[in-house]
Amino acid sequence: MGGSSEDWSYVRQAQDTGSVEPCLKIQDEGLRKSCSDSVNFKLSIKENDISFCEAVEDSSMKENCKKNLIFPRALEQKDPGLCDVLEDSASCRDDINLRFAFLDIDISLCNQIAQKDKKDSCLSYVVPLTAVQQDDINLCGTLANKKENCMNYFYYVKSGDNKQLCEKISDKSIQDSCLSDVIISRELMKSMGVLTPLASEYLRPTRIFVNTSDGLVRAVIM
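Here the sequence shown stands for residues 18 to 239, where the numbers follow the numbering used here.
Derived by calculation from the structure, the hints in this document are not laboratory data.
Where is the CB? At the ideal position from N, CA and C, for every residue including glycine.
Hints may contain errors.
Calculated lysine-lysine pairs in the DSS-like style (CA-CA distance at most 25 Å, straight line) [said to hold, decoys possible]:
#1 79 - 63
#2 63 - 42
#3 95 - 63
#4 135 - 164
#5 136 - 164
#6 79 - 95
#7 135 - 95
#8 164 - 133
#9 59 - 42
#10 50 - 79
#11 189 - 164
Simulated restraints on C-beta separations [said to hold, decoys possible]:
#12 153 - 77: 43 to 49 Å
#13 68 - 23: 26 to 32 Å
#14 131 - 151: 24 to 30 Å
#15 190 - 164: 17 to 23 Å
#16 74 - 23: 18 to 24 Å
Given only the sequences and the hints, what does the whole structure look like? Please build it.
Take a look at the structure:
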């Protein structure tokens, strides 16, 4: 980037003071715009004021400036509509809906996502959890490519001390984990004198299920 030593002294002055005024004294046009854009970007964050973003000339920087302010607001207010001031409003909306679909376990929010990969990722996570919550394995049928993974998750979580449900799991490693937990659950129930099978659901080891590159459930003992 060009500019005389005097121009660069104005750049440093603008950075030190947080003011655009020194930038306006720069003779080199490119450096002058870069200086002004940088200061306005920083001011937008400092003042939490999108009007400073409007003063940014570089289109890519202007968009990033706006998104830095709009996205947190949209999250805080749970309002994807705030994304509409952005050029790429669809991507912003998708990210907001994805975040709250995960937090609220809400299939309807997944279905509002426009970008296919994000939508599929959302559904592959939310549908199995919803199926368990609603005790409805038929929901797994809505996942064209992840139905089997969803059913494996459902059977595992619902198995309690029911060995037969574990045996319905198609993934060998998950089935083995399930059967192992059934044994542990039964031993705990026996040692504590618990006679109600339903209690086994609370006595078995706690596991968190995470999405992996191969699709869905892998259990991590906690």
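The hints, checked one at a time:
1. 79 - 63: holds, 16 Å
2. 63 - 42: holds, 23 Å
3. 95 - 63: holds, 23 Å
4. 135 - 164: holds, 17 Å
5. 136 - 164: holds, 15 Å
6. 79 - 95: The hint holds at about 23 Å.
7. 135 - 95: holds, 18 Å
8. 164 - 133: holds, 17 Å
9. 59 - 42: holds, 19 Å
10. 50 - 79: With a Cα-Cα distance of about 12 Å, the restraint between residue 50 and residue 79 holds, given a limit of 25 Å.
11. 189 - 164: holds, 16 Å
12. 153 - 77: 43 to 49 Å: holds, 46 Å
13. 68 - 23: 26 to 32 Å: Cβ of residue 68 to Cβ of residue 23: about 30 Å, so the range 26 to 32 Å holds.
14. 131 - 151: 24 to 30 Å: holds, 26 Å
15. 190 - 164: 17 to 23 Å: holds, 19 Å
16. 74 - 23: 18 to 24 Å: Hint holds: Cβ distance 22 Å, inside 18 to 24 Å.
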